[in-house]
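Visitor: Going down the list, the sequences are from chains A and B.
The numbers in the first sequence follow our numbering, run straight up by one, and end at 111.
The numbers in the second sequence follow our numbering, run straight up by one, and end at 225.
I should point out that these hints are in silico values taken from the structure, not numbers from a laboratory.
Some hints could be false.
[As the list claims (entries may be wrong)] Partial list, computed: chain B residues near chain A (C-beta under 10 Å):
| hint | residue |
| --- | --- |
| 1 | 206 |
| 2 | 219 |
| 3 | 223 |
Idealized CB from N, CA, C, for every residue including glycine.
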Amino acid sequence: LAKTTQPISMDSYEGQEVNITCSHNNIATNDYITWYQQFPSQGPRFIIQGYKTKVTNEVASLFIPADRKSSTLSLPRVSLSDTAVYYCLSYSGAGSYQLTFGKGTKLSVIP
Amino acid sequence: DTGVSQDPRHKITKRGQNVTFRCDPISEHNRLYWYRQTLGQGPEFLTYFQNEAQLEKSRLLSDRFSAERPKGSFSTLEIQRTEQGDSAMYLCASSLAPRQYEQYFGPGTRLTVT
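Just chain A, same shape as in the assembly:
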C-alpha cells in the first residue's frame, strides 16, 4: 500500500474553503485514495474515495491528478463543527481490506 504523507495540522477561519493535500508517491495501480474524518472520542467516519480526477459528494471534493502521486481534499465553507482530524489513506482494490491510517491532519476551524 502507498505510504501517505499529509500536514500535521492546519488552521482555517469559518466560512473558508480548506484544502488538505496528501502525497502518495508510490501509489500502485490497484490503490484508491480514501479520506476519513475523526472527532475526539469517536470512531473515524468515511468522507470520500477516488481513483483519478475529481469526485464530489455532499460533504467534500477530492481531486487526484493524472499522475496520482498526490490528492487534495477540499472542504467548502468550513464551520466550527468541521474541527477534526482528517486521514488520507491508500486502499488496495486487490485483496487486502484493512485501512492503514497515518497520523492525519488536525484541522482547527477558528471563529
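Dock chain B against the given chain A, drawing on the hints supplied.
Guide: The following block gives chain B in isolation, referenced to the frame of chain A:
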C-alpha cells in the same frame, strides 16, 4: 440501522487480568474489523472477519489477543494477561461489499490498564 455498537465504552483493569470487548456491527454487513488507537496516532488494523471467518490478522495481534465472530454476527475481542501497553481505544468497524473501503466505525472501547 442503529450503527455499530461497542460494549463496554470504558474498561479499567489491573495488569494481568483478562478483558473481553463486544462489537455489534450493522446487521447486513458481512465484514467486521478491529482496530486499536493510541493517543495522537491513527487507528492500527488488528484483524478482520468475513462472516464468521477470520481472514487476516496483523502482527500487532500477539498471542494474548483473540477475536471471534461466531455465527457471523457480533464479535468479541479478548485480551489475556493485560499489560500497560495494551491501554488504548479499541475500535470496531463493519462494511458491506463491494464498498468495503467505506467502513462504519463504532464509538470504541477505551481500555486503561493500571
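Visitor: All the hints need checking, so say for each whether the structure fits it.
Guide: Do the hints match the structure? See the list:
Checking residue 206 (chain B) against chain A by beta carbon gives a least distance of about 8 Å; that is within 10 Å, so the hint holds. Against a cut-off of 10 Å between C-beta atoms, the interface hint on residue 219 (chain B) holds, since the closest Cβ of chain A lies about 6 Å away. Using the Cβ-Cβ criterion of 10 Å, the hint placing residue 223 (chain B) at the interface with chain A is not satisfied: the shortest such distance is roughly 14 Å.
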